[in-house]
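Let the sequences and hints guide you as you build the complete structure.
Sequence lines, in order, name chains D and R. Going left to right, the first sequence walks through residues 1 to 309 as my numbering numbers them. Going left to right, the second sequence walks through residues 310 to 547 as my numbering numbers them.
To be clear, the hints were calculated from the coordinates, so they are not data collected in a lab. This structure is a prediction, so every number in the text was calculated from the model and none was measured. Check the hints yourself; a few may be wrong.
[To be verified] The calculated DSS-like cross-link candidates involving lysine-lysine, where the alpha carbons are at most 30 Å apart (straight line), are:
| id | chain 1 | residue 1 | chain 2 | residue 2 |
| --- | --- | --- | --- | --- |
| 1 | D | K168 | R | K330 |
| 2 | R | K369 | R | K330 |
| 3 | R | K419 | D | K168 |
| 4 | R | K375 | R | K417 |
| 5 | D | K168 | R | K417 |
| 6 | D | K168 | R | K384 |
| 7 | R | K466 | R | K330 |
| 8 | R | K369 | R | K419 |
Single-letter residue listing:
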Amino acid sequence: MNTLPQQLANGLLLGSMYGLIAIGYTMVYGIVQLINFAHGEIFMTGAFGALTVYFYILPDGTPMAAAVPLMLLGGAIVAVLIAVGAERFAYRPLRGAPRLAPLITAIGLSLALQEVVRNFYPEADKARAFPGLDTTHDIGSVTIKDADIFLICAAVICMAALAIFVRKSRTGRAMQATAQDPDTAQLMGIDTNRIIVIAFAIGGLFAAVAALAYGMKYGNVDYRMGFLMGLKAFTAAVLGGIGNIYGAMLGGVVLGIAETLASAYIDDIPGMHLFGGGSWKDVWAFCLLIIVLLVRPQGLLGERVADRA
Amino acid sequence: MTALLEVEDLRVSYGKIEAVKGISFSVEAGQVVTLIGTNGAGKTTTLRTLSGLLKPTSGKILFEGKPLTGVPAHKIVALGLAHSPEGRHIFPRLTIFENLQLGAFLRKDKEGIEKDIQRAYDLFPILGERRNQAAGTLSGGEQQMLAMGRALMSQPKLLMLDEPSMGLSPIMMQKIMATIAELKSQGTTILLVEQNAQAALSLADRGHVMEVGNIVLSGTGQDLLHDESVRKAYLGED
Numbered sequence: 001m002n003t004l005p006q007q008l009a010n011g012l013l014l015g016s017m018y019g020l021i022a023i024g025y026t027m028v029y030g031i032v033q034l035i036n037f038a039h040g041e042i043f044m045t046g047a048f049g050a051l052t053v054y055f056y057i058l059p060d061g062t063p064m065a066a067a068v069p070l071m072l073l074g075g076a077i078v079a080v081l082i083a084v085g086a087e088r089f090a091y092r093p094l095r096g097a098p099r100l101a102p103l104i105t106a107i108g109l110s111l112a113l114q115e116v117v118r119n120f121y122p123e124a125d126k127a128r129a130f131p132g133l134d135t136t137h138d139i140g141s142v143t144i145k146d147a148d149i150f151l152i153c154a155a156v157i158c159m160a161a162l163a164i165f166v167r168k169s170r171t172g173r174a175m176q177a178t179a180q181d182p183d184t185a186q187l188m189g190i191d192t193n194r195i196i197v198i199a200f201a202i203g204g205l206f207a208a209v210a211a212l213a214y215g216m217k218y219g220n221v222d223y224r225m226g227f228l229m230g231l232k233a234f235t236a237a238v239l240g241g242i243g244n245i246y247g248a249m250l251g252g253v254v255l256g257i258a259e260t261l262a263s264a265y266i267d268d269i270p271g272m273h274l275f276g277g278g279s280w281k282d283v284w285a286f287c288l289l290i291i292v293l294l295v296r297p298q299g300l301l302g303e304r305v306a307d308r309a
Numbered sequence: 310m311t312a313l314l315e316v317e318d319l320r321v322s323y324g325k326i327e328a329v330k331g332i333s334f335s336v337e338a339g340q341v342v343t344l345i346g347t348n349g350a351g352k353t354t355t356l357r358t359l360s361g362l363l364k365p366t367s368g369k370i371l372f373e374g375k376p377l378t379g380v381p382a383h384k385i386v387a388l389g390l391a392h393s394p395e396g397r398h399i400f401p402r403l404t405i406f407e408n409l410q411l412g413a414f415l416r417k418d419k420e421g422i423e424k425d426i427q428r429a430y431d432l433f434p435i436l437g438e439r440r441n442q443a444a445g446t447l448s449g450g451e452q453q454m455l456a457m458g459r460a461l462m463s464q465p466k467l468l469m470l471d472e473p474s475m476g477l478s479p480i481m482m483q484k485i486m487a488t489i490a491e492l493k494s495q496g497t498t499i500l501l502v503e504q505n506a507q508a509a510l511s512l513a514d515r516g517h518v519m520e521v522g523n524i525v526l527s528g529t530g531q532d533l534l535h536d537e538s539v540r541k542a543y544l545g546e547d
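In structure tokens, the structure reads:
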């Protein structure tokens with residue numbers, strides 16, 4: 001049943017989800033050198049935004065084909081608003097403060113968001129069922145669900161759109177300039193505050209896409225879902241080279257595949273029979289991070305910071 | 310006639326340390342004005358304050374009669390004040406062409422921008438030859454050319470150049486100074502900050518000597534060039 005192609009597909013899917021979330025970490029880091037540790041929770045609120053649309057706004061029995069775009073919209077609005085709000089009210093007042101201050105703020109914000117959802121969202125103290133897209137398709141020896149098709153298409157579209165936006169648009173050029181030299185970007189007439197807001201908003205949007213895919217794939221969401229997903233996505237961003245959007249996606253895919261293959265096959269290695277299975281997959285994921293950081297500290301696609309002559 | 314730029318009793322501090330201690334000077338349209346002085350005299354601080362990157366603690370900055378204090382940096386360039394910063398600060402991972410385009414970030418006239426990019430290539434042919442190369446791969450002198458070209462792309466009424474000759478070979482320095490002279494002859498108004506007092510003063514209509522946050526001496530470029538104390542302190546003569 002679980003053949004190698006199936007495992008690779010599973011890894012690719014998981015990795016696409018990591019990659020979508022990792023974009024939020026890497027863009028914000030690239031521009032303001034801040035690790036937004038609340039980003040996992042922004043992902044989580046995106047899931048609850050989509051859930052709200054499905055259960056509390058749309059009439060019962062709305063077909064999923066009609067519901068998905070609206071759920072995406074709802075999730076995106078919630079996640080983008082929270083991401084932008086966090087920038088405006090939590091991080092911006094701390095710009096210029098020692099690095100530790102925004103970092104601690106991020107951790108506090110992430111706990112606060114978890115607790116707000118747990119305490120105030122109806123029945124959110126335990127996992128809540130999420131409408132799935134469970135119709136399966138067999139492609140050769142690989143079986144995938146509709147939710148998987150949604151995920152992979154969304155990831156490809158988002159990444160392509162982002163790459164074109166950053167390279168070709170005027171705002172994208174301004175983003176690159178701000179990431180490379182914020183003071184000088186201002187001297188060009190670039191409103192860097194606006195660029196920072198846009199980076200947070202894109203991160204929130206992509207997190208909402210990933211959150212909807214997560215809910216439809218796994219069939220439930222809970223207030224803690226952002227913790228491990230956020231940590232993995234952050235790992236993916238570092239693995240790929242933090243600050244680099246292609247690195248975030250590559251890091252996500254590498255991490256997803258590595259983790260899936262490790263939990264499937266590592267117990268076949270003589271002497272490793274105790275270390276296989278799903279409960280060890282996080283260990284292997286973080287081992288991979290440690291190895292990459294030892295061998296290539298700037299990440300897979302990261303650039304050495306030595307271009308200022 | 311009011312001056313293009315008027316600075317009155319400008320004070321700027323970093324925390325408790327006052328770096329600029331109440332300076333006043335003006336720049337008339339068409340003039341080249343230079344601020345000279347040693348490291349730490351407050352020259353760069355003055356320019357960074359004029360372009361809005363630093364906030365003054367007190368004093369007035371009037372550009373075409375309008376106050377600049379409190380205007381955010383990204384809006385100041387729109388008023389016609391371009392700043393080529395100390396250390397060049399080109400965008401290293403963008404191409405030369407993209408760097409020049411960013412200099413025209415606020416302009417909408419596509420044809421005019423193309424024409425001005427061509428003008429930058431004419432002024433500095435090496436930039437044209439390497440237009441699609443990442444700017445970080447250029448030599449220091451070439452980066453300086455790019456920084457100047459980029460600042461000119463906003464069609465400034467006042468061009469501020471901070472230490473354009475810093476760290477350059479003597480030949481490259483001569484080239485840069487010759488370009489500044491050429492810009493001057495085309496009527497560009499320039500506020501030039503330099504440690505190379507000889508070169509700066511020979512170009513300048515007016516010069517101001519800064520020492521630890523104060524202007525201690527002002528005059529025409531020629532006057533200062535021949536001033537006894539300037540010659541001793543900055544031109545290396547006994």
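Need the list of violated hint numbers for this structure, in ascending order. 1, 8
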